[in-house]
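Going down the list, the sequences are from chains A and B. With the numbering used here applied, the first sequence corresponds to residues 1 to 426, in that order. With the numbering used here applied, the second sequence corresponds to residues 1 to 426, in that order.
Just to be clear, a hint being listed does not mean it is correct.
[To be verified] Dumping the calculated DSSO-like pairs for lysine-lysine here, alpha-carbon to alpha-carbon at most 27 Å: (1) B:Lys408 - A:Lys145; (2) B:Lys385 - B:Lys408; (3) B:Lys385 - A:Lys28; (4) B:Lys220 - B:Lys198; (5) A:Lys145 - B:Lys383.
I should point out that these hints are in silico values taken from the structure, not numbers from a laboratory.
Number of protein chains: 2
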Amino acid sequence: MAKLTTQPYKGARDFYPEDMRLQRYIYKVWREISERYGYEEYDAPMLELTDLYRAKTGEEIVNEQTYSFTDRGGRDVTIRPEMTPSLARMVAARQQELAFPLRWYSIPNLWRYERPQHGRLREHWQLNVDIFGVGSIAAEFEVIKVADSIMRAFGASEDMYTIKINSRQLLSQLMGDYLKLDVMRAHKLSKLLDRKDKLSEVAFNLQAEEIVGDEMIRLKELLTIDSIDALPTVVVESGLAENLRQLIADLEEYGVNNVKFDLTLMRGFDYYTGTVFEFFDTSPNNPRAILGGGRYDELTGIFGQVNVPAVGFAAGDVTLADFLNTHQLTPSLSSATDVYVAVIGNNEKTARKLAASLRQAGVNAAIDYTGRKAAAQIKTALKQKIPYVIFVGDEEAKTAKYTLKNLKTEKEQKAGVNELVTLLQS
Amino acid sequence: MAKLTTQPYKGARDFYPEDMRLQRYIYKVWREISERYGYEEYDAPMLELTDLYRAKTGEEIVNEQTYSFTDRGGRDVTIRPEMTPSLARMVAARQQELAFPLRWYSIPNLWRYERPQHGRLREHWQLNVDIFGVGSIAAEFEVIKVADSIMRAFGASEDMYTIKINSRQLLSQLMGDYLKLDVMRAHKLSKLLDRKDKLSEVAFNLQAEEIVGDEMIRLKELLTIDSIDALPTVVVESGLAENLRQLIADLEEYGVNNVKFDLTLMRGFDYYTGTVFEFFDTSPNNPRAILGGGRYDELTGIFGQVNVPAVGFAAGDVTLADFLNTHQLTPSLSSATDVYVAVIGNNEKTARKLAASLRQAGVNAAIDYTGRKAAAQIKTALKQKIPYVIFVGDEEAKTAKYTLKNLKTEKEQKAGVNELVTLLQS
Chain A
1 MAKLTTQPYK GARDFYPEDM RLQRYIYKVW REISERYGYE EYDAPMLELT
51 DLYRAKTGEE IVNEQTYSFT DRGGRDVTIR PEMTPSLARM VAARQQELAF
101 PLRWYSIPNL WRYERPQHGR LREHWQLNVD IFGVGSIAAE FEVIKVADSI
151 MRAFGASEDM YTIKINSRQL LSQLMGDYLK LDVMRAHKLS KLLDRKDKLS
201 EVAFNLQAEE IVGDEMIRLK ELLTIDSIDA LPTVVVESGL AENLRQLIAD
251 LEEYGVNNVK FDLTLMRGFD YYTGTVFEFF DTSPNNPRAI LGGGRYDELT
301 GIFGQVNVPA VGFAAGDVTL ADFLNTHQLT PSLSSATDVY VAVIGNNEKT
351 ARKLAASLRQ AGVNAAIDYT GRKAAAQIKT ALKQKIPYVI FVGDEEAKTA
401 KYTLKNLKTE KEQKAGVNEL VTLLQS
Chain B
1 MAKLTTQPYK GARDFYPEDM RLQRYIYKVW REISERYGYE EYDAPMLELT
51 DLYRAKTGEE IVNEQTYSFT DRGGRDVTIR PEMTPSLARM VAARQQELAF
101 PLRWYSIPNL WRYERPQHGR LREHWQLNVD IFGVGSIAAE FEVIKVADSI
151 MRAFGASEDM YTIKINSRQL LSQLMGDYLK LDVMRAHKLS KLLDRKDKLS
201 EVAFNLQAEE IVGDEMIRLK ELLTIDSIDA LPTVVVESGL AENLRQLIAD
251 LEEYGVNNVK FDLTLMRGFD YYTGTVFEFF DTSPNNPRAI LGGGRYDELT
301 GIFGQVNVPA VGFAAGDVTL ADFLNTHQLT PSLSSATDVY VAVIGNNEKT
351 ARKLAASLRQ AGVNAAIDYT GRKAAAQIKT ALKQKIPYVI FVGDEEAKTA
401 KYTLKNLKTE KEQKAGVNEL VTLLQS
């Protein structure tokens with residue numbers, strides 16, 4: 001047989017313990033802050049019937065970017081490319097029994113068939129935070145506050161990212177009542193706006209003119225608007241502009257000062273119905289969205305249930321890690337193992353007893369069973385980022401006093417079992 | 001469009017927060033104990049090239065039970081049915097740089113296309129604990145001790161499960177030197193032994209006789225052996241029996257007294273090369289394996305690397321949950337949210353300020369934004385298993401003294417913000 005490759009599947013990652021430490025740190029912060037705001041963890045299967053995504057995920061993703069296949073029983077299934085459809089399915093399934101408002105979060109892995117590139121891989125992990133059952137902007141306020149608190153917990157300061165905010169409803173109204181576009185043209189224009197950053201100005205203008213025709217001048221004017229106050233009176237009168245203004249004011253009252261109105265912000269998914277937002281890295285070295293979300297009030301309806309208002313956001317591990325690296329916020333993380341017990345000579349039994357006592361007291365301890373020289377055993381501990389080594393040789397076995405070495409400071413000291421526990425726990 | 005189903009994919013589970021609490025408890029114990037013994041977490045992609053499993057996973061699984069398909073780039077891929085091949089791939093990929101012994105663990109979700117039944121679902125989560133680089137029985141001792149400590153941490157006592165133990169090498173020697181079977185027949189007999197519990201005695205005997213012929217009497221004698229001392233001299237002289245005896249003695253020295261030699265124990269995978277073991281539920285209501293593992297010293301070789309000795313085990317969440325239920329060890333778990341802030345009347349702003357102060361102090365707090373009556377808000381907290389409610393009404397907004405209600409005891413008390421923090425943290 002030809003020898004097998006040791007490479008992971010293209011666009012997916014192996015997490016060696018050193019890589020996993022960063023993942024664990026990311027998941028821990030995500031969990032801590034989500035729970036601080038009263039969100040509870042849920043999970044769903046990694047496979048769903050393909051129909052679930054046909055409804056609202058968006059054609060490009062379903063037709064070109066999913067991992068879809070037929071199972072051995074003839075069902076069309078898809079590895080989840082996003083979590084929101086599974087979430088809406090779960091809420092709809094128990095809509096009568098559940099106690100609203102629901103605050104739920106999850107950290108699923110998701111798959112998209114794409115060309116792997118900076119910030120985008122085929123498999124990634126994604127925090128999903130959603131609130132169901134609150135129709136007022138209190139929901140947007142809270143969800144954006146959760147996202148912002150997460151960024152702060154990672155050490156980010158407000159100059160490192162901008163929070164772009166917009167409203168699909170407001171945009172709809174502008175396209176209908178101001179630009180006088182019919183539903184079809186309005187939909188086309190939204191899709192074009194969503195791709196605006198990927199097009200040259202000339203290309204964008206050409207395609208926009210095809211859609212809006214004579215209204216091109218008004219569209220261009222609209223696209224220069226960068227504050228809510230400058231919006232046409234039609235959206236001011238309907239209250240949509242006031243809603244956004246109030247939301248931004250509420251956020252400012254709670255110390256979130258980097259919110260910026262952006263009329264071109266769309267967010268890709270078809271299911272958004274109101275506010276949309278995006279946290280965008282301000283560094284010129286990593287000009288990309290770190291997380292995004294919005295209001296989707298009509299998603300449980302696709303399961304034959306009454307619609308429940310909902311707001312949520314999603315944040316990916318790959319884009320976050322890039323952000324942390326860009327701003328030098330990636331922490332230096334050591335092993336979960338507190339101490340490495342090096343065995344010198346024929347003292348395995350003593351080492352085993354010692355390790356058992358340490359573990360009993362809650363110390364995470366690994367034993368070297370290789371019988372190598374002390375230097376080789378220390379090297380193993382260093383490579384595995386374990387901060388301490390205890391040596392167990394003939395002398396130590398006899399006196400029950402062990403040498404504890406701090407691998408960072410290289411300081412050594414002799415200590416009995418109880419003292420070792422105290423030293424290692426401090 | 002026809003309405004979509006709200007059911008999860010067949011044989012897979014939705015984890016609502018109440019279900020997720022149990023999963024989180026299981027993962028937490030798995031992580032804590034694995035780390036106590038110096039194991040570090042790793043992870044690998046959920047998709048692998050199908051070739052990875054063709055080598056050593058076993059034909060039945062690969063041909064009949066995997067989720068395999070061709071990706072959009074023409075690659076044959078499989079959703080992982082087990083973790084060990086990915087682990088061996090990762091070790092082989094960095095075999096020169098890694099510092100051995102390696103102690104690694106992971107909690108992947110795995111997929112098998114099977115008829116869903118008690119204890120077996122299509123998607124399950126599985127703890128994998130493995131040590132690489134230790135050829136002596138110190139590795140078996142440690143790995144079995146980790147598994148045993150996990151059972152104890154879940155509250156199990158030694159009468160609730162038996163640790164069955166056997167050796168593939170010892171069995172090989174018996175089949176070759178004692179039953180005089182050639183390699184082909186020996187392989188067939190192993191496969192038959194693996195299925196022994198699923199067959200009637202008559203069916204087993206018929207199929208066994210076809211393989212061993214005249215040696216049927218000796219085979220039957222072998223199968224009655226239930227202690228190492230009763231084994232034929234051929235395996236006693238080779239030292240294999242002594243190895244097992246020593247392992248059992250070592251475990252007993254450390255308080256593991258429920259180990260039982262079982263010559264028919266095989267464990268399904270083709271890659272095991274030495275000791276195999278299995279933790280088996282002693283309850284007649286749940287007579288099944290809870291976890292299993294063994295030694296596999298020849299797995300990195302399939303990647304063109306030198307073989308590294310390895311021992312590991314895997315434990316599934318579904319079988320564990322069944323075990324906990326059977327023995328009434330499933331704990332009662334409450335929400336991660338400490339307190340629910342009920343808003344009475346037009347006091348949302350005060351509630352928000354209060355919640356912010358609580359969160360600042362590390363209390364997990366959710367706010368009710370629905371404007372419903374107090375009773376309805378309490379009901380939401382009760383349903384979500386949140387232990388405390390704080391009421392924020394006109395009186396509270398004025399005095400900054402809030403009513404804290406313990407939903408279990410129904411006791412109420414008035415307190416200011418700082419006092420609330422102290423009460424909720426104790």
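Hint check:
Proposed proximity of B:Lys408 and A:Lys145 is contradicted: the alpha carbons are some 31 Å apart, above 27 Å. Of the supplied pair hints, the one linking B:Lys385 and B:Lys408 holds, its CA atoms being roughly 10 Å apart against a limit of 27 Å. A C-alpha spacing of about 22 Å is found between B:Lys385 and A:Lys28, which places the hinted pair at or below 27 Å, so the restraint holds. In summary, the hint linking B:Lys220 to B:Lys198 is supported, as the alpha carbons are separated by about 18 Å, within the 27 Å threshold.
Taken as a hint, the A:Lys145 and B:Lys383 pair is honoured in the structure, with Cα atoms around 25 Å apart against an allowance of 27 Å.
Figure legend: structure checked against the earlier numbered hints; the only hint not met is number 1.
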